[in-house]
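There are 2 protein chains.
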Amino acid sequence: MDITEYMQDVGTRARAASRAMARADSATRNRALSLIAAAIVRDADLLRAANQRDLDAAAAAGLAPAMLDRLTLSDAAIATMVEGLTQIVSLADPIGEISNMKFRPTGIQVGQMRVPLGVIGIIYEARPNVTVDAAGLCIKSGNATILRGGSEAIHCNRALAKLVAEGLQGAGLPADAVQVIDTTDRAAVGALITMPQYVDVIVPRGGKGLIARLMDEATVPMIKHLDGICHVYIDAKADIRKAIDIGFNAKCHRYGTCNTMETLLVSRAVAATVLPQLAELYLTKQVELRADPESHAILAAAAYPHLVAATEEDWRTEYLAAILSVKVVDGIDEAMDHINQYSSKHTESIITEDYSDALRFLREVDSASVMVNASTRFADGFEYGLGAEIGISNDKLHARGPVGLEGLTSLKYVVFGHGEVRK
Amino acid sequence: MDITEYMQDVGTRARAASRAMARADSATRNRALSLIAAAIVRDADLLRAANQRDLDAAAAAGLAPAMLDRLTLSDAAIATMVEGLTQIVSLADPIGEISNMKFRPTGIQVGQMRVPLGVIGIIYEARPNVTVDAAGLCIKSGNATILRGGSEAIHCNRALAKLVAEGLQGAGLPADAVQVIDTTDRAAVGALITMPQYVDVIVPRGGKGLIARLMDEATVPMIKHLDGICHVYIDAKADIRKAIDIGFNAKCHRYGTCNTMETLLVSRAVAATVLPQLAELYLTKQVELRADPESHAILAAAAYPHLVAATEEDWRTEYLAAILSVKVVDGIDEAMDHINQYSSKHTESIITEDYSDALRFLREVDSASVMVNASTRFADGFEYGLGAEIGISNDKLHARGPVGLEGLTSLKYVVFGHGEVRK
Chain A
1 MDITEYMQDV
11 GTRARAASRA
21 MARADSATRN
31 RALSLIAAAI
41 VRDADLLRAA
51 NQRDLDAAAA
61 AGLAPAMLDR
71 LTLSDAAIAT
81 MVEGLTQIVS
91 LADPIGEISN
101 MKFRPTGIQV
111 GQMRVPLGVI
121 GIIYEARPNV
131 TVDAAGLCIK
141 SGNATILRGG
151 SEAIHCNRAL
161 AKLVAEGLQG
171 AGLPADAVQV
181 IDTTDRAAVG
191 ALITMPQYVD
201 VIVPRGGKGL
211 IARLMDEATV
221 PMIKHLDGIC
231 HVYIDAKADI
241 RKAIDIGFNA
251 KCHRYGTCNT
261 METLLVSRAV
271 AATVLPQLAE
281 LYLTKQVELR
291 ADPESHAILA
301 AAAYPHLVAA
311 TEEDWRTEYL
321 AAILSVKVVD
331 GIDEAMDHIN
341 QYSSKHTESI
351 ITEDYSDALR
361 FLREVDSASV
371 MVNASTRFAD
381 GFEYGLGAEI
391 GISNDKLHAR
401 GPVGLEGLTS
411 LKYVVFGHGE
421 VRK
Chain B
1 MDITEYMQDV
11 GTRARAASRA
21 MARADSATRN
31 RALSLIAAAI
41 VRDADLLRAA
51 NQRDLDAAAA
61 AGLAPAMLDR
71 LTLSDAAIAT
81 MVEGLTQIVS
91 LADPIGEISN
101 MKFRPTGIQV
111 GQMRVPLGVI
121 GIIYEARPNV
131 TVDAAGLCIK
141 SGNATILRGG
151 SEAIHCNRAL
161 AKLVAEGLQG
171 AGLPADAVQV
181 IDTTDRAAVG
191 ALITMPQYVD
201 VIVPRGGKGL
211 IARLMDEATV
221 PMIKHLDGIC
231 HVYIDAKADI
241 RKAIDIGFNA
251 KCHRYGTCNT
261 METLLVSRAV
271 AATVLPQLAE
281 LYLTKQVELR
291 ADPESHAILA
301 AAAYPHLVAA
311 TEEDWRTEYL
321 AAILSVKVVD
331 GIDEAMDHIN
341 QYSSKHTESI
351 ITEDYSDALR
361 FLREVDSASV
371 MVNASTRFAD
381 GFEYGLGAEI
391 GISNDKLHAR
401 GPVGLEGLTS
411 LKYVVFGHGE
421 VRK
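Chains as they are written, first to last, in my numbering: chain A, 1 to 423; chain B, 1 to 423.
Hints are computed from structural coordinates only; laboratory data are not their basis. There could be a bad hint or two in this list.
Pairs count within a copy or across copies, as identical chains cannot be separated in the list.
Derived pair list, reagent style DSSO-like, types lysine-lysine, alpha-carbon separation capped at 27 Å [unchecked claim]:
#, residue 1, residue 2
1, Lys237, Lys208
2, Lys423, Lys102
3, Lys237, Lys423
4, Lys102, Lys237
5, Lys423, Lys285
6, Lys162, Lys208
As the structure is a prediction and not an experimental result, all values here were calculated from the model.
Bound conformation, chain A alone:
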């Protein structure tokens, strides 16, 4: 198979299908989602069998247990996929909404209509559930999609692709609206991210390594984030109880997530009070603290056992582990300087009861999510009430922060005229 030709064909079909999707009404798109869910329930045994082929091949290839785990389509995972589709059906249709129609002095009426982007490319690792989740979100938002999952999941993804196609056709939509790339050749990814004539946006879902590679080559715009180096700053005027609850939760609720705190900044005024109390909690989780000299002295005095001197590199590191860098700062200005220098612009939170400091932090910190007195762990689409999450964007254009269905749409201008011409 010539990959370039194959991908051109996939792209052409996707572009054609995107027009049918943009025309389809809410009920039709929801019907497709429900039919897919029903087909998955009906064919659960077939899916598990396909998944077993993937698992056997992966085990033979010596895949790490964590990857095997993500690759496994358990009964619970199937139930979650079906539940996910049902939830997507229940979301409001973002498409076709017309807003801000206003009459202009010329007599025309101008507003904006929310429309699908067109064709979404999704690139992900060996997690078969993403196939259904991503297909569901793209169908709901009236887009066509091209899915490229990890090669380890190819059998399972093929089986899922058949059921998705069945659901689409059952609702009278083109099967090409969701295409699963049916080759494990890596050149397919290279082609997908460099065909802007067929693909409007790429959403990479996966680790930093995957995304960094794509960023180097892509000519199609991406909705993505690379790092989550999130900060909590405990202000001089912090409520100490809130500071301790949030300082512990933001680090220890989960280590591997992008909205986990990686650096804790503490105002000098409260450092000697807050740090020893927080250290007691971190100790229960054996968190390693990498401390600047000032916080190091306080934590050493409190006999914290997992204590290391922070290096410059620590301020730039997303640990994704039970490790936290800690720094004492003068006050809000030094905290914001540090954040603006080292943050990945994902999520930062200030803990304070001071009105003016809260407002300054909200206004001046240039990150996708900026919080007052809340755990950074809240920065996600479900917690924000978006209903679903396609991904998280650290970029400032188009979508910023947690991205829901709206991130897969655009606003075009619509004009209602009555025969007006320009004078």
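For chain A, the structure is supplied; the task is to place chain B on it using the hints.
Chain B alone, transformed into the frame defined by chain A:
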């Protein structure tokens, strides 16, 4: 001067200044704008003298009269610049607006705040008025900006840069918030569009040649459009009076603008009625009609003198001249197929009294502006009520269609918490 080093320095200063701009309140930014306007009035003679140096050099270099004309800073042009700044002052401040703050079941309150993008790079040709206009819009929207004007205007741009710096400093803002690149070396442009660490978005203002060149090289995102191949489709159910008014206005109001109609599509049902009447009007402007066989027959029968057979190339051509391609179509489906194949996704209009056709056209045509019964010439920021126009975007991400101050901003999430942690 080492250009790379120079541009790194410019970028570093701009990034630093952008933080001060983001902090500045409305009154301060407006004060800077008013001070710049006053300085331009005061130093009008100096500006004209600087402009004269540019004009002398340009005349010696044999610049075309049209370019000399655009380069000239007449009294009227100076007055328009000042008036433009005054108008920008009167616009609502887009920055800091918080929208959609909603309580979530967890107790946090989530919404979005509009904030400046950061650093805007503006690349334009030898039109000194753009220097002030672009600086004004970036100051208003709380951004720092790096301006690269055509080298033919360098003396005038230097003089303007001094006045802009004076106004910024007079309001207590950093002069680096608006930097005019002080070299005519073309490598400066290459550097500007490839330093995403310093520049958040590039807005090219100029001809298609300039933009096409930049698109090939830029790694910084751009707000831009390349072509304006705009269509008017006259439906079978069109009000013939409106069809004729709009069909004439969309082509003949101005030829050189991107929202001018380049292709007229006419339903077979009304072609024999509409085309001869329209031809009478086009004849008054000596418009050359490039017609498909069917419209060619009708126009030939009406003895239209400037008639040519259209080629495939005509459907893809933005004439920017008194030339129009014309095609008879079956109905709305063929019209939309043609548009979706050949349009540059800028602006399209349907002329119809049919409710369902109007809705279908609005929904299914994938262009930045889609109109019913209005001239495509309305597609611009002032006509849409944006108050100002940075540019027009044919892209679907971030800004689409005419782009006002909001296009220079982004929405970040803000969370008001009360000590909440994630369960």
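Cross-check of the supplied hints:
no. : hint            : result
1   : Lys237 x Lys208 : neither (36 Å within a copy, 55 Å between copies)
2   : Lys423 x Lys102 : within (19 Å within a copy, 44 Å between copies)
3   : Lys237 x Lys423 : between (60 Å within a copy, 25 Å between copies)
4   : Lys102 x Lys237 : between (46 Å within a copy, 26 Å between copies)
5   : Lys423 x Lys285 : between (72 Å within a copy, 17 Å between copies)
6   : Lys162 x Lys208 : neither (30 Å within a copy, 45 Å between copies)
Going through the hint list in order, the structure does not satisfy hints 1 and 6.
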